[in-house]
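Enquirer: Here is how the chains run, residue by residue.
Number of protein chains: 2
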Amino acid sequence: MECPKCGHHLKKYINPLPTVDIIIELKGGIVLIERKNRPFGWALPGGFVDYGESLEKAALREAREETGLQVTLKRQFKTYSDPARDPRHHTISTVFIASADGLPSAGDDACNAKIFMQQNLPPLAFDHAKILADYFKSRTEAACP
Amino acid sequence: MECPKCGHHLKKYINPLPTVDIIIELKGGIVLIERKNRPFGWALPGGFVDYGESLEKAALREAREETGLQVTLKRQFKTYSDPARDPRHHTISTVFIASADGLPSAGDDACNAKIFMQQNLPPLAFDHAKILADYFKSRTEAACP
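Chains as they are written, first to last, in my numbering: chain A, 1 to 145; chain B, 1 to 145.
Note that these hints are calculated values from the structure, not bench results.
There may be inaccurate statements among the hints.
Here are the simulated SDA-like cross-link-like pairs (lysine to any residue), alpha carbons at most 20 Å apart as the crow flies [claimed, not checked]:
no., chain 1, residue 1, chain 2, residue 2
1, A, K57, A, P39
2, B, K74, A, Q118
3, B, K57, A, Q118
One-sided excerpt, in silico: chain B residues whose CB lies under 10 Å from chain A [as the list claims (entries may be wrong)]:
no., residue
4, L17
5, P18
6, R38
7, W42
8, S81
Note that this is a predicted model, so its numbers are computed, not measured.
Positions of the beta carbon are idealized from the N, C-alpha and C atoms, including for glycine.
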């Protein structure tokens, strides 16, 4: 990294970027948003965690900003860190499972927000197809006697 | 942030820093290290995740560097993000449960590495007392019929 004014080389420690994604359970399905920005396509609502913000607060904020829903966090699911999961930079995303009432309405980085069933998922950006496969698998396992 | 050469104000996005901590199960106890640096005291082995490194690789690397043990990761436990969990800066730590053979020997940021039993834990740095309370509670719950 260089100073844009004098060109001095600046030492900079680069760290992976913490993010959250939220699986919002609503009316028997889950809420997905269609992205305004690259990479385009459908995705779980989510985004960057602010400095000084807990993962839980970031999850509530991102869900509200992108879907208009006041969600209730049910539990932390899992944290995903494959360096290739986001084509733009290395993000580490902690995924939460949440519930909500009402209907989603797209906001912030989302141009569309809809409820999808497991049998009817659209093509997904990032590693969200893997996250949802893990999620639906965990639900099946939890239902076993 | 300012350029140290010309004083130009630099826009910098500050993000929380991803870290890992590892609960290494060994000989009926868990491995803790005594820290060389502030905050002093005993702690779970762990450290910063490198850019481009998965959480799993970081956990294996930090366990090896600080305890000399080649650990096997059993599962991801939970991710902790309270902005006050580290007095130096905001870190978000994903905790893994691992197993190992042999005996720990301190390295890197650790000046001591020992096996402790639940009944005999030393005072712990960061939020590691809370992490271990959650861990021992989850073991008790898992043992219920």
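Enquirer: Run every hint past the structure and note whether it holds.
Expert: Here is how each hint holds up against the structure:
Between A/K57 and A/P39 the CA atoms are separated by roughly 25 Å; this puts the pair beyond 20 Å, and the hint is violated. Distance check on the hinted pair: B/K74 and A/Q118 sit about 29 Å apart at the alpha-carbon level, beyond 20 Å; violated. Of the pairs offered as hints, the one joining B/K57 and A/Q118 is violated, with about 32 Å between alpha carbons and a cut-off of 20 Å exceeded. A least Cβ separation of about 5 Å between B/L17 and chain A falls short of the 10 Å threshold, and the interface hint therefore holds.
Annotation: interface hint on B/P18 holds; nearest CB of chain A at approximately 5 Å, less than 10 Å. Because the beta carbon of B/R38 sits about 18 Å from the nearest beta carbon in chain A, more than 10 Å, this interface hint is broken. Interface restraint check: B/W42 against chain A, minimum CB-CB distance 25 Å, threshold 10 Å, status violated. Against a cut-off of 10 Å between C-beta atoms, the interface hint on B/S81 holds, since the closest Cβ of chain A lies about 4 Å away.
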